[in-house]
Amino acid sequence: MRYHDKPALQDRLAAEYVLGTLRGRARARFQGWLRADAALRRTVAEWEARLGPLAAGVAEVPPPRRVWRAIEARTGTGAAPASRPAPAAGLWESLAFWRGWGLVATGCAAALVAAMALQPPEVVEVPVERIVESTRMQPSYIAILRNKAGEAVFVAYAGRRSDELWVKRIGLEAEPPDHRFELWGLYGKAGAAPRLLGMLPKEDKATIKLAGVADESLRDFPALAITVEPAQGSGGAPTGPVVASGDCFKFW
Amino acid sequence: MRPPGARSVDPAQNQRLVRLLGACARRDHGAFAELYAATSPKLFGVAVRILRREDWAEEVLQDCFVSIWNNAGAYSPGLSAPLTWMTSIVRNRCLDWLRRPNPEVVLQRPDDDGDDPLEAIAADGPGPLEQLARAADAQALAACLAKLDAKQRQAIVLAFYDGLSHSELASHMRQPLGTVKTWVRRGLEKLKGCLGGP
Chain A
5 MRYHDKPALQ DRLAAEYVLG TLRGRARARF QGWLRADAAL RRTVAEWEAR
55 LGPLAAGVAE VPPPRRVWRA IEARTGTGAA PASRPAPAAG LWESLAFWRG
105 WGLVATGCAA ALVAAMALQP PEVVEVPVER IVESTRMQPS YIAILRNKAG
155 EAVFVAYAGR RSDELWVKRI GLEAEPPDHR FELWGLYGKA GAAPRLLGML
205 PKEDKATIKL AGVADESLRD FPALAITVEP AQGSGGAPTG PVVASGDCFK
255 FW
Chain B
109 MRPPGARSVD PAQNQRLVRL LGACARRDHG AFAELYAATS PKLFGVAVRI
159 LRREDWAEEV LQDCFVSIWN NAGAYSPGLS APLTWMTSIV RNRCLDWLRR
209 PNPEVVLQRP DDDGDDPLEA IAADGPGPLE QLARAADAQA LAACLAKLDA
259 KQRQAIVLAF YDGLSHSELA SHMRQPLGTV KTWVRRGLEK LKGCLGGP
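In order, the protein sequences belong to chains A and B.
Read in order, the letters of the first sequence correspond to residues 5 to 256 in this note's numbering.
Read in order, the letters of the second sequence correspond to residues 109 to 306 in this note's numbering.
Bear in mind the hints are in silico, worked out from the structure with no lab data behind them.
A portion of the hints provided could be inaccurate.
Once the Cα atoms are required to be at most 25 Å apart in a straight line, the calculated SDA-like pairs of lysine to any residue come out as [to be verified]:
# : chain 1 : residue 1 : chain 2 : residue 2
1 : A       : Lys206    : B       : Lys300
2 : B       : Lys300    : A       : Leu38
3 : A       : Lys209    : B       : Pro149
4 : B       : Lys150    : B       : Glu166
5 : B       : Lys298    : A       : Lys209
6 : A       : Lys254    : A       : Gly175
From just these sequences and the hints, can you work out the full model?
If you want it as structure tokens, here you go:
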């Protein structure tokens with residue numbers, strides 16, 4: 005459906021999105037437009053401002069104490085604040101890390117990076133509940149990434165025949181202001197530049213759309229890493245410090 | 109540009125929540141705890157009402173506050189009131205939850221006691237509307253809602269508070285789908301005209 009040149013339609017869809025009657029595929033499609041269209045996001049914000057006060061009609065229900073405890077645990081905001089290692093420059097964040105993975109700016113790698121920059125991987129957020137369709141173990145790839153202190157802070161999962169990488173932050177520190185995290189595949193062989201897999205959504209649980217099914221797009225990477233990049237993106241070659249890295253293996 | 113609903117929100121509470129969200133963006137743990145204490149009963153109430161299962165609502169609330177902590181820096185006071193922003197996060201998460209392509213959601217979304225899961229919902233949602241009329245920060249909206257045709261108001265109230273889709277509205281109100289869709293659309297248009305703003 006074309007909507008760009010139809011302000012009345014945009015307004016109606018935004019209203020129904022906010023009210024909640026836009027459902028199913030129409031809702032998912034609209035959310036796709038929202039990600040790409042600042043004017044549409046503004047229209048939605050206007051409707052949220054109109055209808056939001058309706059929430060004043062909802063009776064307050066104090067949530068059980070365990071909810072806050074779980075939130076504290078997931079955000080690291082508990083009474084004993086997690087003593088996170090200072091994100092100071094060090095060997096771990098330095099170029100040496102990448103040299104270890106054979107980051108050499110060869111012409112070939114630069115060309116690859118340029119080609120990738122033209123087609124930035126798309127980030128799609130999908131409710132995580134969709135993962136589990138069966139209790140049978142699916143052939144898959146699994147990665148566990150650790151921070152400098154060796155704490156597991158991030159896990160990723162993809163079915164081998166799926167192009168969706170399911171990711172979960174488990175205590176990964178938040179992005180610095182005006183920065184984003186990007187996820188990289190690290191080749192096992194020397195001389196190969198890391199490959200951008202996608203921007204990390206800010207959600208704790210999200211999915212990243214891979215360039216192809218995992219059997220093609222993850223197979224060559226024995227490890228993954230997360231770097232801090234400027235808000236507008238790295239452009240395809242890592243520029244910032246590494247905040248987490250770890251093995252990626254084929255499971256089943 | 110002033111958000112159309114912002115004028116109706118209690119300014120002191122508004123400022124406090126804006127300040128707390130700003131502090132959260134600077135990773136202030138104390139402010140996050142204060143924000144949770146101030147807003148979680150309302151937000152949990154919103155989620156419980158839509159999902160009608162407290163265990164699901166707990167999970168949604170948890171996810172939403174983690175998301176609020178991680179995205180506090182993205183909150184823009186010029187665009188929306190803080191509680192409106194947070195309510196939208198919770199409602200969207202609830203609606204995405206209900207969208208799961210999982211028959212369990214349909215089968216297990218419990219009815220309160222009757223046979224028809226939707227039967228238990230009050231016909232014109234008198235509870236929320238009465239409470240809304242008493243809320244100091246929603247007077248303009250309550251007045252505009254009162255001006256709608258009863259059917260339009262009922263459809264909008266059921267959709268907002270109880271998360272009913274068009275087809276659920278049609279089934280609950282025992283009307284053809286097209287009729288219900290028209291009520292919702294016309295009701296929203298009238299509300300917009302009544303509330304003013306952009």
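Hint check results:
{"no.": "1", "hint": "A/Lys206 x B/Lys300", "verdict": "violated, 32 Å"}
{"no.": "2", "hint": "B/Lys300 x A/Leu38", "verdict": "holds, 21 Å"}
{"no.": "3", "hint": "A/Lys209 x B/Pro149", "verdict": "holds, 24 Å"}
{"no.": "4", "hint": "B/Lys150 x B/Glu166", "verdict": "holds, 13 Å"}
{"no.": "5", "hint": "B/Lys298 x A/Lys209", "verdict": "violated, 38 Å"}
{"no.": "6", "hint": "A/Lys254 x A/Gly175", "verdict": "holds, 24 Å"}
When held up to the earlier numbered hints, the structure conflicts with 1 and 5 and fits the remainder.
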